[in-house]
Structure formats: C-alpha cells, structure tokens
Amino acid sequence: MESTELLRFTTAGSVDDGKSTLIGRLLYDSKSIFQDQFADIERISARRGEEEVNLALLTDGLRAEREQGITIDVAYRYFSTPKRKFIIADTPGHIQYTRNMVTGASTANVALMLIDARNGVVEQTRRHAIIASLLQIPHVVVCVNKMDLVDYKEEVFNDIHEQFEAFAAKLDIKDFHFIPISALRGDNVVTRSERMSWYEGPTLMYYLENVHIASDHNFIDCRFPVQHVIRPYNDDFHDYRGYAGRISGGVFKVGDEVMVLPSGFTSKIAKIDSFDGEMEEAFPPMSATILLEDDIDVSRGDMIVRVSNSPDVTQDLDVMLCWFDNTKPLQPRGKYIIRHTTQEARCIVKEVKYKLDINSLHRELEDKTLEMNDMGRVVLRTTKPLFTDPYRQNRITGSIILVDEGTNNTVAAGMII
Amino acid sequence: MNYHINHLRELESESIFIMREVVSQFQNPVLMFSGGKDSILMTYLAVKAFYPAKVPFPLLHVDTGHNFPETLKFRDDLVEKYGLRLIVGSVQDAIDKGLVTEEKGFNASRNSLQTYTLLDELEKGKFDAALGGGRRDEEKARAKERFFSHRDEFGQWDPKNQRPELWNLFNGRKLMGEHFRVFPISNWTELDVWQYLAEEEVPLPNLYFAHQREVFERDGVLLADCEYIQKRPEEQVFEEMVRCRTIGDMTCTGVWRSNAATVEDIIAEIATTRLTERGGRADDKRSETAMEDRKKQGYF
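Going down the list, the sequences are from chains A and B.
So the first sequence is numbered by the numbering used here: it starts at 1 and just counts up by one.
So the second sequence is numbered by the numbering used here: it starts at 418 and just counts up by one.
To be clear, the hints were calculated from the coordinates, so they are not data collected in a lab.
All C-beta atoms, glycine included, are put in the ideal place defined by N, C-alpha and C.
Incorrect hints may appear among the rest.
[Stated by the list, open to error] Beta-carbon label-pair distances, calculated as ranges:
no.: 1; chain 1: B; residue 1: GLY500; chain 2: A; residue 2: LYS268; range: 29 to 35 angstroms
no.: 2; chain 1: B; residue 1: ASN676; chain 2: A; residue 2: GLU123; range: 52 to 58 angstroms
no.: 3; chain 1: B; residue 1: GLY522; chain 2: A; residue 2: GLU123; range: 19 to 25 angstroms
no.: 4; chain 1: B; residue 1: ASP575; chain 2: A; residue 2: ARG392; range: 32 to 38 angstroms
no.: 5; chain 1: B; residue 1: ASN623; chain 2: A; residue 2: GLY334; range: 20 to 26 angstroms
no.: 6; chain 1: A; residue 1: VAL251; chain 2: B; residue 2: SER507; range: 47 to 53 angstroms
no.: 7; chain 1: A; residue 1: GLU351; chain 2: B; residue 2: MET593; range: 30 to 36 angstroms
no.: 8; chain 1: A; residue 1: GLU278; chain 2: B; residue 2: ASP493; range: 29 to 35 angstroms
no.: 9; chain 1: B; residue 1: GLU618; chain 2: A; residue 2: ASP295; range: 48 to 54 angstroms
no.: 10; chain 1: A; residue 1: PRO385; chain 2: B; residue 2: ASP493; range: 32 to 38 angstroms
no.: 11; chain 1: B; residue 1: ALA678; chain 2: A; residue 2: GLU281; range: 37 to 43 angstroms
no.: 12; chain 1: A; residue 1: THR266; chain 2: B; residue 2: ASP682; range: 49 to 55 angstroms
no.: 13; chain 1: A; residue 1: THR383; chain 2: B; residue 2: MET593; range: 22 to 28 angstroms
[Unchecked claim] 30 angstroms max Cα-Cα, derived DSS-like pairs, lysine-lysine:
no.: 14; chain 1: B; residue 1: LYS490; chain 2: B; residue 2: LYS543
no.: 15; chain 1: A; residue 1: LYS253; chain 2: B; residue 2: LYS471
no.: 16; chain 1: B; residue 1: LYS490; chain 2: B; residue 2: LYS471
no.: 17; chain 1: B; residue 1: LYS490; chain 2: A; residue 2: LYS384
no.: 18; chain 1: B; residue 1: LYS471; chain 2: A; residue 2: LYS268
no.: 19; chain 1: B; residue 1: LYS591; chain 2: A; residue 2: LYS350
no.: 20; chain 1: B; residue 1: LYS465; chain 2: A; residue 2: LYS83
[Unchecked claim] Beyond 12 angstroms from chain A on every Cβ pair, some chain B residues (computed):
no.: 21; residue: LEU428
no.: 22; residue: GLU431
no.: 23; residue: ASN445
no.: 24; residue: ALA470
no.: 25; residue: VAL505
no.: 26; residue: ILE512
no.: 27; residue: GLY515
no.: 28; residue: GLU519
no.: 29; residue: LYS541
no.: 30; residue: TRP605
no.: 31; residue: ASP609
no.: 32; residue: PRO620
no.: 33; residue: ASN623
no.: 34; residue: HIS628
no.: 35; residue: LYS648
no.: 36; residue: ASN676
Construct all of the structure, not just a fragment, from the sequences and the given hints.
Okay, here's the thing in structure tokens:
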C-alpha cells in the first residue's frame, strides 16, 4: 500500500468570495464528486433557475443553509489524490461565526484564505489571518480569486500580495504562499492557467500536495497524557498495567527514563504495546500503550514526560480565550469546568486583561466583556495543577476548553500564552 | 529521521483515541452494530483500542427481521471470536406488541421503524453513549456531525445546538436522561475503510464480494429478491453477478452489478466508480433532506 499523508486544511470566506465554488472545484477536478451527487446539484440548480451547475451546492448541506443560502457551521469534506488525503474544515467567514473559524482552525495544517481580486484585502481577510496566527496554523495559502474578473492582470495580484504582506508582518505566521486563481474557471486550481503566464508558482493543488507538513507536530518535548489504564485481569496478562493515550509531543522510546506528573515518580519505559505488537518508539499523533518498569500509581489525567524536560506544572493560566456561548458572556470571577489534555478541573476567572479586536489586533482595555465570538486575554486559576506548554510550542498541551457547569455546553476555547 | 505515519494509521489513531475517550467519559457505552463493513471496522478498532483487555462495552444490533441471513451468521462469529457481549433489539417484537406500525405497499421498509427499537434499547440498557459507524463523507447531513453528538432526552439531534470540537478536547458532559452518539470513524471515507480493511486483512461477509443472486430492478436500483419485498407485476426477477456496497436491511439495500471478488478488486472498483455508496439506498431518496429529517428524529 502506498504511503499517503493526511493533510487537514481550513477554508474561511464569505458567501461572495467564491469559497464554496473553490471547494466544489477541488472536489470536481480531483474527481471526488460522484455522478449521483452531481446529478443532485444539477437538478437543484435547474429547479432554482440557475444557468450553470452550481458547484457551491456541494458544500452546503443542511436545510437551513439551503434556505438561507449560507453556510452556518463547520462542514467537513474529503478528497484525495495519489499523494495525499485531504480533510477540509469548511467554515463561514462572517464575524458572527468566529467560533466556527476557530474550531476549524484548531486542527488544521494549512489555512486557505480567499481574497476577491476586485476587492483586495478587506476586514474579513484580516480577521482570517489573525485567527490563523492566533491558532498557529503552520501554513497559510492566500488565493487571490476571481482573477478572470480583473483580466488576469499581474498588477492586481501583486498589489494584493503587497497589501497582505504589509498587514501580515504584525502577525505570527510562519509560512505564506500566494496563488492567483479563478475557482469558477479552474485557473491554477488543479490545472495551470494559460491565461496567467506571468505566474510561475505552483497551482493550488500542487501546493496542497507538496507543502511540507511532517514537522507540524512537536517531536522534541515528550508529552504523554494518560487517557485510560488498561488492566486485562486475565490469566495471560496477569500483572499487565498499560497506560493508553495519544502521544502529544516528542518521541518515546523503550528504555527511556520518564517521570510521571503530578507525582514526580520516575521509571523507565518497559514496553510500548499495541494490538499489532510491541513498538520500539512512538511519536505524535500515534495512539499507544506505554508500560513502565516500576509499579507506580498512574491514572487518567496524569502525564508521562522525560525526566529532563517537563512542562509547566501550574494552577495559574494566562490564556487567549475565544468565547462561544450565545446565552451569556464570560462572567468575571465566574467558575467553569476546564478541560486540558485528559484532565478535568474547575477554574475561576481571575482577570480579563483585555479584549482583542480581531479585525485590527487592537487591545480594548475599557470594555472587557467577552460575548459570543469575542476574543480576549484572560487569567484563570484552576483547582488543581495542569501540565501545560505554551500553545506556540504545542497545540495539544497548550489548549483548553471551558464548560459551563449548569448547561454542560462548551463555552470557550483557549490558547495558553 | 522522518517521523511520519500514513493517513490510515492517523485515522486509526484518531478513532482509537475517541473510543478510549468514550470509555473514560461515559459510564455505560454501547457500540451500534449493523453488520455492515463500517460497524465491523468499528468492532475491530475497539478490539485494538483496549487490547489486551476485552472490549469494555457490548454491541447492540437492531434486527429488523429483514436481514440478510449472512449478516447474522457473520455477527455471531465475530462476537464469538473476540469474546464480545451482544444485545439484540427486535423490530419484529415492537411490531407484534403494536408499538410501531409496519409500512404497507411496494416500498415498505422497516428502516424507519428501527429508530423506535434503537431508542427503546438505549433506554432499557441505560446506555449513555452509543458508538456509531457514521462517516461524514456518506451524506450531506453527516458532513457537519460531531464526533461527540449530543442528543436530548428524546434522542433528537439539533443541528443548531452542537458543541464545538477543538483540538483533542471532547466534551461528553450531560444532564440526566441525555445521551450521546459518538462517531469514531467520522473522518474516514469509503475508500479509507476498504484500504484499511485490506491492509489489516479483516474478514468480511461474503455479501460484499461479487456473487450470483436473484435480483429485480426498481427505480434504477437493483434489489435482492426476497420474501420481504412486494414486487410490482412488471418487476421481473433475473440472476445477476452482484455485490453489496452497504449492508442494511434487505428491503432497502441496493445491490450492484460487479465482478469484484477480492478487497483489492473492490478498491479498484471504488477508485473508478462514479456513484456514492448511498446512491443505492432507497431510504435516502425520499427527499432532498431525507437523512437530516431522520437524524433529527433519532436515527443515526
């Protein structure tokens, strides 16, 4: 079997910038659309009186969306080429859907941003870029779309490129790429455009198939949050005590000296086990079962780390929070349930330092109320120590969610500073 | 050194993570078993997730009474092989007790009646999480489904009120009487499932491979001839080399003309095929939002 990598990307954009058409185009040109799906949207397009088959219909699923003609939630799409399998988290771009953009961005390797060539960098573009930066999406590809409507002019593309660069200099994005496209006509999406011979870079598909994502995980700082303890209680595996979980960082090897948090006990890795046999090493994003040489007390929520490289063990968290709840704003001094890796604790909001204007990065110090879709810098105090890394170093051990104790809803997501 | 796992290993790892999370966050989970390849995959992943311990939750099969006999035999063998616990909910029982009314006519199917038995069994077993083999690529209403899908006390799905899921953090907290549907293989496509089953050499029911069968054609779909479907006078039965792409109840599972005799043949067939696997499901054809409507009522 050939080895195919998995790449997750997020797209954010408004109804008008051609995002759905672009996704439809990627699916269509990579032959990921089936006849019956195509017949389906052909029939619906005709019934609505549209002249051409509306590829955008492929991506809006729910009835409410069809009626309103907008995408209101994160929808996941799949396609693959011989080189890679792709998961698209397709999110709406309006300001009221910031929470969806944050959700889609949380697991993405690549953010795909669309700019309408006629309009250039607009508020929404800035917002997407800021979210991509805050959520530390490793790669950003900016597609300047609708090039057909500006006569495929190089100057237009270059202007937008410059505008974007100027603004993005303030952001924390590691890797940028710009591509001029027309999603409607297929220019530079999957096939090279003959109408933009001045552009010498890759097509969008070539970019997605080749962008280097192997280093997107942290392979340096060993972090293993214990998820579940496996105890078979049968004769064949009498004293078996396996710590099951998903590697969140670093490379664990048999024989490594490790420390268990919060107890601080040390031991060695005796075995890394799986249904398919023992392994010599395990790294992200593998699920594995680790057995230690010594019989020490380890349970869910504990973390196995290297002796010489430990995360912060802390009850005080400084986080950039995105508020999700539409029923009430973040309560100053409010108490919430906090989830971090496999830990759950309670926390209290100690301080709201500022609200962040996600269109300008301006820090609002007067009105610090966080309502749905607002972001802000918040200090939390937890009832027990969590084992954290800054989000910039590790997206898994650096992220939290808050849960309302009354409704059990997930009301916020946070990145540890 | 390049630390890298391929997409099937990454999907496997994600699904195993979800299953372990379910066992940690819920008291009484259950795995919904339909007999199809997705639920076979789920069972196999569950075995892997808890190895060398036994799978810590039972399988629940809602039997419409109209199953392919091959499905039931395969199910029982699987349960035996891995030492699993099996619960069977019977739609026939619900009909006999007058709790649900059977559809009449040519397109009669017990598919929608499953919902009643399913919810009834979940309630009887006090299950707080039902693991399902739904995939987001299957149908448009499923593209927005969460891994942890919250259901109210009536088992209903509210597409507007689903919890955001970020990173590796899943929120399974709930009020009394509420439960969750959990979909560990959300991110797998049909092709991923087949590639994985091939790579792992997982045994599958013979129905998935090409075989001779008595069939008839209705609305462009081939259906297996059986006593449970009332044929129209003009519907002629003929023999054909076919296979199932999905396995459900006999009344609504279309069969396909195919010569694919091995998993590799099937992968080659899917890679070139131009119809989605649910294209053969009569139950999805009822309206543009058929799946969404059934989901809201508590069907998967």
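For each hint, the structure was consulted:
no.: 1; hint: GLY500(B) x LYS268(A): 29 to 35 angstroms; result: holds, 32 angstroms
no.: 2; hint: ASN676(B) x GLU123(A): 52 to 58 angstroms; result: holds, 57 angstroms
no.: 3; hint: GLY522(B) x GLU123(A): 19 to 25 angstroms; result: violated, 56 angstroms
no.: 4; hint: ASP575(B) x ARG392(A): 32 to 38 angstroms; result: holds, 36 angstroms
no.: 5; hint: ASN623(B) x GLY334(A): 20 to 26 angstroms; result: violated, 58 angstroms
no.: 6; hint: VAL251(A) x SER507(B): 47 to 53 angstroms; result: holds, 51 angstroms
no.: 7; hint: GLU351(A) x MET593(B): 30 to 36 angstroms; result: holds, 35 angstroms
no.: 8; hint: GLU278(A) x ASP493(B): 29 to 35 angstroms; result: holds, 32 angstroms
no.: 9; hint: GLU618(B) x ASP295(A): 48 to 54 angstroms; result: violated, 36 angstroms
no.: 10; hint: PRO385(A) x ASP493(B): 32 to 38 angstroms; result: violated, 49 angstroms
no.: 11; hint: ALA678(B) x GLU281(A): 37 to 43 angstroms; result: holds, 39 angstroms
no.: 12; hint: THR266(A) x ASP682(B): 49 to 55 angstroms; result: holds, 53 angstroms
no.: 13; hint: THR383(A) x MET593(B): 22 to 28 angstroms; result: holds, 24 angstroms
no.: 14; hint: LYS490(B) x LYS543(B); result: holds, 27 angstroms
no.: 15; hint: LYS253(A) x LYS471(B); result: holds, 26 angstroms
no.: 16; hint: LYS490(B) x LYS471(B); result: holds, 22 angstroms
no.: 17; hint: LYS490(B) x LYS384(A); result: violated, 51 angstroms
no.: 18; hint: LYS471(B) x LYS268(A); result: holds, 26 angstroms
no.: 19; hint: LYS591(B) x LYS350(A); result: holds, 26 angstroms
no.: 20; hint: LYS465(B) x LYS83(A); result: holds, 27 angstroms
no.: 21; hint: LEU428; result: violated, 7 angstroms
no.: 22; hint: GLU431; result: violated, 7 angstroms
no.: 23; hint: ASN445; result: holds, 16 angstroms
no.: 24; hint: ALA470; result: violated, 4 angstroms
no.: 25; hint: VAL505; result: holds, 26 angstroms
no.: 26; hint: ILE512; result: holds, 31 angstroms
no.: 27; hint: GLY515; result: holds, 33 angstroms
no.: 28; hint: GLU519; result: holds, 28 angstroms
no.: 29; hint: LYS541; result: holds, 24 angstroms
no.: 30; hint: TRP605; result: violated, 9 angstroms
no.: 31; hint: ASP609; result: violated, 7 angstroms
no.: 32; hint: PRO620; result: holds, 16 angstroms
no.: 33; hint: ASN623; result: holds, 24 angstroms
no.: 34; hint: HIS628; result: holds, 24 angstroms
no.: 35; hint: LYS648; result: holds, 24 angstroms
no.: 36; hint: ASN676; result: holds, 20 angstroms
In the structure shown, a violation is registered for the earlier hints numbered 3, 5, 9, 10, 17, 21, 22, 24, 30 and 31, in ascending order.
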